[in-house]
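If you read the sequences in order, they're chains F and L. Under the working numbering, the letters of the first sequence match residues 1172 to 1485, in that order. Under the working numbering, the letters of the second sequence match residues 1172 to 1485, in that order.
There's no promise every hint is true.
Any copy, or any two copies together, can satisfy a pair, since identical chains are not distinguished.
[What the hints assert, rightly or not] With a straight-line Cα cutoff of 16 Å, these simulated EDC-like cross-link-like pairs (lysine to aspartate or glutamate) come out: (1) Lys1250 x Glu1440; (2) Lys1318 x Asp1289; (3) Lys1188 x Asp1247; (4) Lys1318 x Asp1427; (5) Lys1450 x Asp1378; (6) Lys1455 x Glu1480; (7) Lys1450 x Glu1231; (8) Lys1295 x Glu1485; (9) Lys1188 x Glu1272; (10) Lys1450 x Glu1379; (11) Lys1455 x Glu1276; (12) Lys1291 x Asp1439; (13) Lys1291 x Glu1485; (14) Lys1188 x Glu1243; (15) Lys1295 x Asp1445; (16) Lys1295 x Glu1429; (17) Lys1455 x Asp1413.
The hints are simulated quantities; they were obtained by calculation from the structure and are not laboratory data.
One letter stands for each residue in the lines below.
2 protein chains.
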Amino acid sequence: MARVLRIGGAQLGPIQKADSRQAVVARMLALLDQAKEAGCDLVVYPELALTTFFPRWYAEDIAEMDDYFEREMPNDAVKPLFDRAKDYGMGFCLGYAELVEEGGETHRFNTCILVDRDGKIAGKYRKVHLPGHADYDTSLRWQHLEKRYFEPGDLGFPVWRSMDANLGMCICNDRRWPETYRVMGLQEVEVVMLGYNTPVENQHTPDEAPALRMFHNQMSMQAGAYQNGTWVVGVAKCGVEDGHDLMAGSVIVSPDGEIVAEAKTREDELIVADCDLDKCTLNKTTIFNFAAHRRPEHYRMIIERTGSEPPAAE
Amino acid sequence: MARVLRIGGAQLGPIQKADSRQAVVARMLALLDQAKEAGCDLVVYPELALTTFFPRWYAEDIAEMDDYFEREMPNDAVKPLFDRAKDYGMGFCLGYAELVEEGGETHRFNTCILVDRDGKIAGKYRKVHLPGHADYDTSLRWQHLEKRYFEPGDLGFPVWRSMDANLGMCICNDRRWPETYRVMGLQEVEVVMLGYNTPVENQHTPDEAPALRMFHNQMSMQAGAYQNGTWVVGVAKCGVEDGHDLMAGSVIVSPDGEIVAEAKTREDELIVADCDLDKCTLNKTTIFNFAAHRRPEHYRMIIERTGSEPPAAE
Chain F
1172 MARVLRIGGA QLGPIQKADS RQAVVARMLA LLDQAKEAGC DLVVYPELAL
1222 TTFFPRWYAE DIAEMDDYFE REMPNDAVKP LFDRAKDYGM GFCLGYAELV
1272 EEGGETHRFN TCILVDRDGK IAGKYRKVHL PGHADYDTSL RWQHLEKRYF
1322 EPGDLGFPVW RSMDANLGMC ICNDRRWPET YRVMGLQEVE VVMLGYNTPV
1372 ENQHTPDEAP ALRMFHNQMS MQAGAYQNGT WVVGVAKCGV EDGHDLMAGS
1422 VIVSPDGEIV AEAKTREDEL IVADCDLDKC TLNKTTIFNF AAHRRPEHYR
1472 MIIERTGSEP PAAE
Chain L
1172 MARVLRIGGA QLGPIQKADS RQAVVARMLA LLDQAKEAGC DLVVYPELAL
1222 TTFFPRWYAE DIAEMDDYFE REMPNDAVKP LFDRAKDYGM GFCLGYAELV
1272 EEGGETHRFN TCILVDRDGK IAGKYRKVHL PGHADYDTSL RWQHLEKRYF
1322 EPGDLGFPVW RSMDANLGMC ICNDRRWPET YRVMGLQEVE VVMLGYNTPV
1372 ENQHTPDEAP ALRMFHNQMS MQAGAYQNGT WVVGVAKCGV EDGHDLMAGS
1422 VIVSPDGEIV AEAKTREDEL IVADCDLDKC TLNKTTIFNF AAHRRPEHYR
1472 MIIERTGSEP PAAE
């Protein structure tokens, strides 16, 4: 019997600073209704899905940004999404900024959660690879202050058995790092769910074509899917947000690395694919049979070095 | 001043069982002449470039295959290649089956070497990821006995400072594993050189389209290039060899992951690109600035597990 999860990628158009969480959740509910109509089992929303991508704005005191964070989940604003998904018997994956108080200290993470068909939070992931910088950079036309507002994730890259599947999550920049997929691949992940907020323009190389940026975005997910025999669902927040243009291109990628569904717009849009989990088996048991072929004794540098070091001189 | 290496990828058409090393080296010399004419600094030849891909044939006693191995390098058959490359002041990378006697034991490796402009062997790599199987498999229409005839490489993935560049090598199946590129990326590799012998047909899935197989081949190299900010030169032995069809598609890939040169034939063919090593800098210092962004504390599973393990039950 084929094990098929019908997955919806719920791409979101821009969220402006002035937009309330209630307005955003209403849009997410509309996409959830579409997903129900389409027979989806599981819906994936973007990174920081409830607000604008606030790390582009600088605040001297980071607590000034705390309004963009969620202190509990679900909270009043998000509860309608939990309730309706549970009514529909659908799971979902949701990205948001998380603020936790622990032992008198405040911690902030770029987080996503997996909510199962019963409305229970089955898994939580906190973004490990934070791009950008921590301090105001006068050389840039806009800021990318994830390293200022968030701590690096402290939960690793777990894989959960939920909805009769091995499900993993990562967030945005994580998708460009092969380590992300590999750690989940070593846990037999079958679906990697991720959201992203990625500028159309690379301000380090303003002449880089948007098509090349899209190629990098999608190739990273395609390679991760192929090399680990897993589905990958990558969902954008896109369009012109607070005057900043974010790329779209949400995709569902098969364990063959092929794009089987792709967003056509830069707005709220649902993409859908039937993800046959048994399609993960071929790569996992033949060319990428890890137990038969991997040689970790030669990979030690991957954990023994953080930065790179050049070879000895000639 | 731009640091440009003009690199030639010397794709080889098939080598039949009956072909002598002398005949093969004559073809390699013709490609070397073309490379000289084209102004190349460095030429990359395929995996096991001196013989047919013998691991497709079974021998009960593996020593029966020793005629396919080289016991010294250069030997008489290969010396003309060393001599002419030195005359031309060109470096080259050459794959071959290596047999070494050490302490009364015989060891066999799938090896490649880097020869510098002065004809000196500057680096040696032994293939780490050996695909296939060690015993005769009656379920297969042809055998893939690399695990029978070779030991896994014991030299890791070194990077050498040679020809004013950081040069690394891997072989065939290695190119599909992100660990391969990452270990070299952590040594600031600027050019990864590799050769391959890859069947057009995947006999585990005979209905897999050749175009999909080519996509996997090239995407693996493109992702490795992009994610580590390195040039990748991938060179095929191709065409119908001993009745077995090998894919072509030799490429030179930029640090952007883009294919800048690609073979058009399934025969002996030289592809050429100017590889500006300074193009490696952007990715290495921004999006893939390893020191700033990597989090090895979350990668430990990559070396602590060889095979995969499923997550705990729901």
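Could you tell me which of the hints above the structure violates, numbers in ascending order? Hint check: 1, 2, 3, 4, 7, 9, 11, 12, 14, 15, 16, 17 fail, others pass.
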